Amino acid sequence: MYSKDMVDLLKEIMAVDFVVYELALFLDTHPNDRRALEDHNNFAMKSRQLREMFERKYGPLILDSVSEFPYQYINNPWPWEIRY
Amino acid sequence: MSNSENEVKMQNLSVEYRLGEAYIPFQSYGKIFDPRTALMNGTLFPELYRPYRVRAEL
Chain A
0 MYSKDMVDLL KEIMAVDFVV YELALFLDTH PNDRRALEDH NNFAMKSRQL REMFERKYGP
60 LILDSVSEFP YQYINNPWPW EIRY
Chain B
0 MSNSENEVKM QNLSVEYRLG EAYIPFQSYG KIFDPRTALM NGTLFPELYR PYRVRAEL
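Sequences listed follow chains A and B, in order. Going by numbering that gives the first Met the number 0, 17 is the number at position 18 of the first sequence; the sequence numbering is gapless. Going by numbering that gives the first Met the number 0, 44 is the number at position 45 of the second sequence; the sequence numbering is gapless.
Please note that a few of the clues may not be correct.
Said to hold, decoys possible - Simulated crosslink set (DSS-like; lysine-lysine; CA at most 30 angstroms straight-line): (1) K10(A) / K56(A); (2) K56(A) / K45(A); (3) K10(A) / K30(B); (4) K45(A) / K30(B); (5) K3(A) / K45(A); (6) K3(A) / K56(A).
Calculated from the structure, these hints are not laboratory results. Because the structure is a prediction, the values reported are computed rather than measured.
Sequences are here, hints too, so could you generate the full structure?
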């Protein structure tokens, strides 16, 4: 149904995305913090890379993902079907 | 509770409550958790990670 590698990659994406959100919220009140902004940009790029890697291997991850024909998004295991 | 009930409760407690003032120190950017730890701890910042500890019965 789905591989352990896929779940590991999903967990990595979730963790990196969480860091991006945390840093974005921090920057709301600390826009001049250079190191925080550098970390935010690095993690944002990392998040995009991870997502592209995921989608190359396993197909569309989120609604905004581009899909091959026929529509692939509905084939992925749904989040609640996955044992994390 | 209506106001009068409030006052009655206050008198019974015989404690003089004064209004409090909250002060939140401005956070500065220090160390951060690695992504997996941050996600599991629910925060990126070690200084904000303060889970409730299980204490012995009082």
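Handout entry: Pair hint outcome, K10(A) versus K56(A) [Cα-Cα no greater than 30 angstroms]
Key = Holds, at about 15 angstroms.
Problem - Proposed proximity, K45(A) with K3(A) (alpha carbon, max 30 angstroms) - result: Holds, at roughly 21 angstroms.
Handout entry: Straight-line alpha-carbon gap K10(A) to K30(B), limit 30 angstroms
Key = Roughly 22 angstroms between the alpha carbons, so the hint for K10(A) and K30(B) holds.
Exercise for the section: Mind checking the alpha carbons of K3(A) and K56(A) for me, to see if they're no more than 30 angstroms apart? Expected result: Within the cut-off at roughly 13 angstroms; holds.
Problem - K45(A) paired with K30(B) [C-alpha distance capped at 30 angstroms] - result: holds, 19 angstroms
Exercise for the section: Would you check the hint for K56(A) and K45(A), treating anything up to 30 angstroms between C-alpha atoms as holding? Expected result: holds, 17 angstroms
Violated hints: none; the structure is consistent with every hint.
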